[in-house]
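K.L.:
The residues making up each chain are set out below.
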Amino acid sequence: MEKIPILRMGDYLLVTIQVDMHDRLALTLQDDLTRAINETSAKGVLIDISSLEMVDSFIGRMLANIAAMSRVLDARTVVVGMQPAVAITLVELGLPLPGIRTALNVDAGMELLRNGKSNFKFGRPSR
Amino acid sequence: MTIAATEVVALTNEPDIVAVRRRVREVAQKLGFSLVDQTKLVTAASELARNNIIYGGGGALQIEELNGARTGIRLKFEDKGPGIPDIDLAMRDGFTTGSGLGLGLGGAKRLVHEFDIVSKSGEGTKVTITRWK
Amino acid sequence: MATVPGKQIAGNLREIIADNQQNLCNDWIREMSESVRRGDLMKESELRAQCVQFLTAFSEALGSAGANTKSDAWEPVRDFLGQISTSRAKQGFSPSETASFIFSLKRPLFEAIQREYAADPQAMSRELWIATVLLDSLGLHTIEAYQRTREAVIARQQEEMLELSTPVVKLWDRILALPLIGTLDSARTQIVMENLLQSIVQTNSRIAIIDITGVPTVDTVVAQHLLKTVTAARLMGAECIISGVRPQIAQTIVHLGINLLDITTKAKLSDAFGVALEMIGATISYNSPAGAHGA
Numbered sequence: 001m002e003k004i005p006i007l008r009m010g011d012y013l014l015v016t017i018q019v020d021m022h023d024r025l026a027l028t029l030q031d032d033l034t035r036a037i038n039e040t041s042a043k044g045v046l047i048d049i050s051s052l053e054m055v056d057s058f059i060g061r062m063l064a065n066i067a068a069m070s071r072v073l074d075a076r077t078v079v080v081g082m083q084p085a086v087a088i089t090l091v092e093l094g095l096p097l098p099g100i101r102t103a104l105n106v107d108a109g110m111e112l113l114r115n116g117k118s119n120f121k122f123g124r125p126s127r
Numbered sequence: 001m002t003i004a005a006t007e008v009v010a011l012t013n014e015p016d017i018v019a020v021r022r023r024v025r026e027v028a029q030k031l032g033f034s035l036v037d038q039t040k041l042v043t044a045a046s047e048l049a050r051n052n053i054i055y056g057g058g059g060a061l062q063i064e065e066l067n068g069a070r071t072g073i074r075l076k077f078e079d080k081g082p083g084i085p086d087i088d089l090a091m092r093d094g095f096t097t098g099s100g101l102g103l104g105l106g107g108a109k110r111l112v113h114e115f116d117i118v119s120k121s122g123e124g125t126k127v128t129i130t131r132w133k
Numbered sequence: 001m002a003t004v005p006g007k008q009i010a011g012n013l014r015e016i017i018a019d020n021q022q023n024l025c026n027d028w029i030r031e032m033s034e035s036v037r038r039g040d041l042m043k044e045s046e047l048r049a050q051c052v053q054f055l056t057a058f059s060e061a062l063g064s065a066g067a068n069t070k071s072d073a074w075e076p077v078r079d080f081l082g083q084i085s086t087s088r089a090k091q092g093f094s095p096s097e098t099a100s101f102i103f104s105l106k107r108p109l110f111e112a113i114q115r116e117y118a119a120d121p122q123a124m125s126r127e128l129w130i131a132t133v134l135l136d137s138l139g140l141h142t143i144e145a146y147q148r149t150r151e152a153v154i155a156r157q158q159e160e161m162l163e164l165s166t167p168v169v170k171l172w173d174r175i176l177a178l179p180l181i182g183t184l185d186s187a188r189t190q191i192v193m194e195n196l197l198q199s200i201v202q203t204n205s206r207i208a209i210i211d212i213t214g215v216p217t218v219d220t221v222v223a224q225h226l227l228k229t230v231t232a233a234r235l236m237g238a239e240c241i242i243s244g245v246r247p248q249i250a251q252t253i254v255h256l257g258i259n260l261l262d263i264t265t266k267a268k269l270s271d272a273f274g275v276a277l278e279m280i281g282a283t284i285s286y287n288s289p290a291g292a293h294g295a
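Residue numbers (the numbering used here), protein chains in the order written: chain A, 1 to 127; chain B, 1 to 133; chain C, 1 to 295.
Do not take every clue at face value.
[To be verified] As a list, the in silico BS3-like pairs of lysine-lysine whose alpha-carbon atoms are at most 25 Å apart:
1) B:K30 / B:K80
2) B:K126 / B:K80
3) B:K133 / B:K30
4) C:K266 / B:K133
5) B:K30 / B:K120
6) B:K80 / B:K109
7) C:K170 / C:K106
8) C:K43 / B:K30
9) B:K80 / B:K120
10) B:K133 / B:K80
11) B:K109 / C:K43
12) B:K30 / C:K90
13) B:K133 / B:K109
14) B:K120 / B:K133
15) C:K43 / B:K133
Derived from the structure by calculation, the hints contain no laboratory data.
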């Protein structure tokens, strides 16, 4: 069965989601990530969605669940690379993605994970 | 306004949701929809396809390419499932509360230009959405 | 009769055209008055070639499918008319000049029919009726094709104007500015915002300053679009600052009960730039004390 690979980079886990992720694959990823965070005591998870051309409520919930579960395991989650068309659609859809922090790309995302807060001097309230 | 082309996609199980996304994207691209418009339609289709399969027990999607004064795409989702007893309630967003019970109908409606739903308890559900170029 | 009457008559029409093709062409071209012919835009030889091509396609379609212009057999004719409409639309012909290509054929064709059926008034009126219905339908098709082309041209021009009027400017590494000018309507705002988000990705900019100094009024619709854009930018990992907020606009915003969430707003673009620099952790230092005091 196909799985989305989870890479380890030191204290962090990196996941790259390709296009056309069907529901079962998303659920598997959720389980695999939770297990991986636990086993590696990872400090953070970076999810790269730059290849995702669509995020519907199911995938949105998956991302929110991953963020929630990793928080319980004392790890941070950052989602990077959201495409403009996807962002606009999510706003229109009314999907706020609570508890998820985002960054433009992997570099910015890693910075966010490592620094614990955005390098914005003015802290943005968590959304 | 004429229907330039029609095709039917069977909705049986969960992998068909991906097939729907792909096919709707292809048709929207072919008709020259902007990337944002394509994404909105594909996302709405994904929500409705999921409802059809998971809650409605499966059915079919009819994709219509509309021609004439305006170009558009019309998607008709039909299932013979249990139906929705209270449509107004269903249209209110469930997923924003994180409960996971939302049918995504309200969201899908916001992504398209025309939205129509016919559903009765025990008589299945038919959702029709249209997006113009 | 064993044959379908429509097809039979169409077959007669076909013969009439075949027998009179040369004269028909000449009369047709003559019928297109000087003004319609647009000698300034199209040479007569080209026009003649189009007439011949049309009559040929027309005859063939008549032969295979009778008078049903919507059928597949008539597609070559419809395509041909579509092509010449499109090219005329682009060349600058007016709608009437374009449609006259078809309608000018009426008199020559009717005269040919009248000559052929001089002895049989009933058949003549049947033929005339079929011919006029045929040509009217093709004439309308020509106009529709022309319309579509004009609309496409206009749409493209609008896009170009939009792009010119809302440039996204890179102020600094990772800082963009979008100076908005003029009234914002819903359609325009959407396009502008999409461009901004695209630029954020392309330039890897963490901060986008949306300057509304040049926007006379901000109503709820515009405010909603601005809010949506900021929300979308945040989802992508960038932050927005709104600058150029004049006192009147501030009042309107409060008055309308628009919740700006927690977006930073500044009256001046320069102030917004200062905030942006702080946000990315940059400072400006002067080379000499004199410079710091604006020498």
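K.L.:
Taking the hints in turn, state whether each one holds.
P.N.:
Structure-based check of all given hints:
{"no.": "1", "hint": "B:K30 / B:K80", "verdict": "31 Å, violated"}
{"no.": "2", "hint": "B:K126 / B:K80", "verdict": "9 Å, holds"}
{"no.": "3", "hint": "B:K133 / B:K30", "verdict": "12 Å, holds"}
{"no.": "4", "hint": "C:K266 / B:K133", "verdict": "37 Å, violated"}
{"no.": "5", "hint": "B:K30 / B:K120", "verdict": "35 Å, violated"}
{"no.": "6", "hint": "B:K80 / B:K109", "verdict": "21 Å, holds"}
{"no.": "7", "hint": "C:K170 / C:K106", "verdict": "61 Å, violated"}
{"no.": "8", "hint": "C:K43 / B:K30", "verdict": "36 Å, violated"}
{"no.": "9", "hint": "B:K80 / B:K120", "verdict": "10 Å, holds"}
{"no.": "10", "hint": "B:K133 / B:K80", "verdict": "31 Å, violated"}
{"no.": "11", "hint": "B:K109 / C:K43", "verdict": "54 Å, violated"}
{"no.": "12", "hint": "B:K30 / C:K90", "verdict": "24 Å, holds"}
{"no.": "13", "hint": "B:K133 / B:K109", "verdict": "16 Å, holds"}
{"no.": "14", "hint": "B:K120 / B:K133", "verdict": "32 Å, violated"}
{"no.": "15", "hint": "C:K43 / B:K133", "verdict": "37 Å, violated"}
When held up to the earlier numbered hints, the structure conflicts with 1, 4, 5, 7, 8, 10, 11, 14, 15 and fits the remainder.
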